[in-house]
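Protein chains in written order, with the working numbering: chain L, 5 to 384; chain R, 94 to 426.
To be clear, the hints were calculated from the coordinates, so they are not data collected in a lab. Keep in mind that a hint or two might mislead.
[Said to hold, decoys possible] Far from chain R, some chain L residues (derived; all Cβ distances over 12 Å):
1. Leu69
2. Val118
3. Pro119
4. Leu125
5. Gly175
6. Pro177
7. Val197
8. Tyr232
9. Val235
10. Leu362
[To be verified] Derived CB-CB ranges, DEER-like:
11. L/Leu125 x R/Ser394: 20 to 30 Å
12. L/Trp121 x R/Ile276: 54 to 64 Å
13. L/Arg116 x R/Ser250: 40 to 50 Å
14. L/Leu192 x R/Thr246: 57 to 67 Å
15. L/Arg218 x R/Gln313: 31 to 41 Å
16. L/Ile205 x R/Tyr283: 49 to 59 Å
17. R/Arg132 x L/Gly273: 31 to 41 Å
18. R/Gln259 x L/Asp75: 24 to 34 Å
19. R/Arg132 x L/Leu125: 34 to 44 Å
20. L/Arg213 x R/Ala408: 36 to 46 Å
21. R/Gln306 x L/Leu192: 55 to 65 Å
22. L/Leu199 x R/Ile393: 34 to 44 Å
23. R/Ala408 x L/Leu125: 30 to 40 Å
24. L/Ala231 x R/Tyr283: 35 to 45 Å
Beta carbons: idealized from backbone N, C-alpha and C, even for Gly.
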Amino acid sequence: MTEPRPKAAPPAAERSAGATISAAPPRRSFLARFQRWEWMLVGLIVLVVALNSQLSPYFLDARNLSRTSSDFMEIGLMMLPMVFIIITGGIDLSVASNLAMCASFMGWLFMRGVPIWPAALAALLLGATGGLFNGLLVARVKLPPLVVTLGTYAFYRGVAYVLLGDQAARGYPAGFTFIGQGKLPGTLIPFSVALFIVLAIVFGLVLHRTTFGRTLFAIGNNENATAYSGVPVARTKIIVYTISGLMAGLAGIVLAARFGSTRPDIGLGLELAVITAAVLGGVDINGGIGTMGGAVLSLLLIGLLRFGMGLLNIQGQVQGMVIGLLLILSILLPNVARNLSARGGAPQRRSLAAAAALIAAFALFILFFFWSRAQVLGAG
Amino acid sequence: MSAQHPPVRRHSVLTLAARYREAGIVIFILVLAALVTLRAPAFLTLNNFRDILLNISILSIVALAQTMVIITKGIDLSVGSMIGLVAMMVAFVFKASPEFPVALSLPLGMALGAALGAFNGLIISYGRVPPIIATLGTLSIYRGLVFFYSQGTWINSFELPAAFKQLSKGAPLGLPNMVIIAILFALAVYFFLNHTRTGRNIYAVGSNAEAAQMAGIPRQRIIFLVYVLTGLAAGLAAVLWVSRFESAQTNTALGFELQTVAASVVGGVSISGGVGTVPGVLLGALLLGTIDNSLPLLRISPFWQLALQGLLILAAVVVDNLILRRSQRRGRR
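Use the sequences and the hints to build the structure in full.
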């Protein structure tokens with residue numbers, strides 16, 4: 005009992021954003037909140053566009069934008085069902101592995117003489133099966149989604165390696181690679197972008213305009229209450245995970261078509277990009293909150309940021325660092341602001357000392373970081 | 094995700110289940126070892142056993158720390174990136190000054206790792222960012238820092254002093270130093286989790302955060318602490334990693350977080366928090382290590398390794414779930 009915690013208000017405020025809601029939350033205020041977040045994203049997008057078009061003359065080039073936009077469509081296709089899953093309070097870490105399993109299966113069939121279109125169809129079916137398997141383990145066996153999809157994250161990627169090994173499947177016909185490389189006739193719009201836009205509208209309408217969409221929010225807010233009110237919770241979850249698998253399969257086909265070849269490490273690490281896009285779009289990782297519009301806006305923001313940094317010759321991993329920072333700040337800043345306004349009063353001497361010690365530790369780390377770097381790389 | 098069993102019986106039922114669990118892993122490892130030995134007698138040699146121990150030392154250290162995080166209902170996805178960054182920094186130190194005292198490299202690595210872990214802990218405990226999001230972010234941030242720090246260069250074996258390379262592999266006490274360090278670390282974690290107030294508080298926070306808080310347990314500080322400890326363990330692992338593999342690359346320990354979570358989950362740590370033991374996790378790491386070791390002996394393509402790991406995780410959680418349900422049913426009668 006060294007540190008008294010006389011805060012009665014914050015736990016209650018925290019609970020309304022958490023997964024363990026017992027009373028129905030005031031819907032109006034949530035609506036107000038995520039709309040504010042969407043405007044924030046729009047503002048950031050405008051800022052990024054303005055900055056980048058100042059920094060590089062190539063930024064606002066339509067052909068460049070068209071080429072770079074297709075780089076993000078696989079992430080986008082997997083993000084759409086990921087929004088559904090996260091809103092129900094779940095998560096799917098296996099999407100990129102499922103993508104690789106499907107693309108590898110398609111390539112494996114193709115190399116054995118199966119025509120490409122039946123092979124692609126088989127890949128879609130395999131993706132849906134992979135998603136169904138996740139869904140059954142989550143909804144019927146009632147295992148935590150994080151562990152289930154961590155297991156299938158390794159398993160599906162492993163299947164991709166077992167299928168193709170160190171080989172690459174290539175030689176896809178031009179009619180097929182059009183899915184990933186072609187543009188709508190007479191325009192600069194890539195086919196994959198058009199596909200994404202259509203599907204995004206469909207997913208958005210399902211989420212915000214149908215009963216099915218409402219039940220997703222209900223499950224995320226209070227699963228037990230939703231089950232008692234007669235919603236088939238298990239079936240809904242299975243459907244959602246199956247859709248996620250199906251879309252991972254589709255993304256695998258698009259990515260294989262864009263590359264013109266398939267290796268088993270295809271799409272490695274994309275699940276992080278997918279989850280980042282959804283969460284940055286205002287979808288609450290604890291479930292129950294989120295909009296499709298916010299997620300699409302955040303994908304656009306990430307795409308523009310990465311494209312702009314790429315034009316400035318910033319390495320891909322360092323770009324990832326900026327996105328990671330943005331992800332943390334998007335959740336941290338509102339929390340800190342809420343804490344500061346809730347606390348009031350002067351901070352205790354003890355916590356001030358702890359803060360000072362931490363700042364000193366971080367400062368030492370940063371100093372050592374640059375000092376040791378300069379020892380090897382020189383001061384440059 | 095939340096545990097549905099009555100909290101009153103929790104302790105007895107779960108310790109019972111955990112005991113079954115550990116016995117189950119031991120039997121599984123023994124059966125596996127017997128089968129592999131039948132096909133490939135080379136498996137049952139002292140040398141091979143030493144190889145397995147060497148291979149799982151680093152994994153055990155980080156998996157034990159990961160376990161502490163998971164017990165508090167958290168997860169640390171950034172361990173692979175922390176190892177990568179500290180490994181590069183320590184390797185840079187040795188490249189710049191080969192006469193740097195080898196014995197100091199361990200505390201240096203641990204301090205650097207602890208600073209990275211403190212950053213995780215700060216945003217998770219005081220910033221209230223969900224652990225999975227926070228460490229997903231720092232996974233990218235720390236990995237990006239590796240690239241920024243090294244500008245894409247690698248540190249190779251010839252750039253590291255011989256004494257440092259012997260730090261992990263030398264065996265003045267009979268066993269390789271690295272194995273001894275891992276054993277000492279495991280003993281320390283065992284003592285900490287079972288025989289100190291703070292260690293018990295870690296379980297309390299994970300079992301029921303609200304009750305723990307009402308009982309006066311400083312929840313935020315405990316959560317901050319487990320991430321600092323995980324950073325420290327990752328830093329220790331990083332030094333051993335550089336010494337063992339004699340190089341630091343930009344992709345060092347990429348994806349290692351999966352293996353640490355796998356070892357914990359296979360070892361019976363519950364992702365819903367509050368449950369997990371040191372012996373269980375060590376057995377989980379040993380099982381993963383035994384499988385990895387036996388695949389080449391059985392002439393099974395190494396491409397199966399990842400798929401088998403995934404299946405093992407799934408099998409472990411399904412079995413846990415069955416044990417839990419059965420023991421609950423028995424408890425209710």
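Hint-by-hint comparison with the structure:
1. At roughly 24 Å from the closest C-beta of chain R, the C-beta of L/Leu69 stays outside 12 Å, upholding its exclusion from the interface.
2. The claim that L/Val118 lies off the interface holds: its Cβ sits roughly 22 Å from the closest Cβ of chain R, which is beyond the 12 Å cut-off.
3. Every CB of chain R lies more than 12 Å from the CB of L/Pro119, the least distance being 26 Å, so the non-interface label holds.
4. With a minimum CB-CB distance of about 24 Å to chain R, L/Leu125 clears the 12 Å threshold, and the non-interface call stands.
5. The beta carbon of L/Gly175 is kept farther than 12 Å from every beta carbon of chain R, the shortest such distance being approximately 22 Å.
6. Every CB of chain R is more than 12 Å from the CB of L/Pro177 (nearest about 28 Å), matching its label as outside the interface.
7. No Cβ of chain R comes within 12 Å of the Cβ of L/Val197; the nearest lies about 25 Å off, and the non-interface call holds.
8. Its beta-carbon lying about 15 Å from the closest one in chain R, L/Tyr232 satisfies the requirement of being farther than 12 Å from that chain.
9. The claim that L/Val235 lies off the interface holds: its Cβ sits roughly 19 Å from the closest Cβ of chain R, which is beyond the 12 Å cut-off.
10. Not every CB of chain R is more than 12 Å from the CB of L/Leu362 (nearest about 6 Å), against its label as outside the interface.
11. For the pair L/Leu125 and R/Ser394, the beta carbons lie near 28 Å from each other, so the given range of 20 to 30 Å is met.
12. At roughly 57 Å, the beta-carbon separation of L/Trp121 and R/Ile276 lies within the given 54 to 64 Å, and the hint holds.
13. Checked against the hint of 40 to 50 Å, the pair L/Arg116 and R/Ser250 passes, with Cβ atoms roughly 42 Å apart.
14. Between L/Leu192 and R/Thr246 the beta carbons are some 39 Å apart, a value that contradicts the proposed interval 57 to 67 Å.
15. The supplied range of 31 to 41 Å is met by L/Arg218 and R/Gln313, whose beta-carbon atoms lie about 36 Å from each other.
16. Taking the beta carbon of each, L/Ile205 and R/Tyr283 are about 56 Å apart, inside 49 to 59 Å as hinted.
17. In this structure the supplied range 31 to 41 Å holds for R/Arg132 paired with L/Gly273, their Cβ-Cβ distance being about 36 Å.
18. For the pair R/Gln259 and L/Asp75, the beta carbons lie near 46 Å from each other, so the given range of 24 to 34 Å is not met.
19. For R/Arg132 and L/Leu125, the Cβ-Cβ distance of about 40 Å falls inside the hinted range of 34 to 44 Å, so the restraint holds.
20. The supplied range of 36 to 46 Å is met by L/Arg213 and R/Ala408, whose beta-carbon atoms lie about 41 Å from each other.
21. Separated by about 57 Å at the C-beta atoms, R/Gln306 and L/Leu192 satisfy the suggested range of 55 to 65 Å.
22. Between L/Leu199 and R/Ile393 the Cβ separation comes to about 40 Å, which falls inside the hinted range of 34 to 44 Å.
23. Judged by the Cβ atoms, the range 30 to 40 Å given for R/Ala408 and L/Leu125 holds: they are separated by roughly 31 Å.
24. Restraint check, L/Ala231 to R/Tyr283: a C-beta distance of roughly 41 Å satisfies the suggested window 35 to 45 Å.
The structure does not agree with the numbered hints 10, 14, 18 stated previously, though it agrees with the rest.
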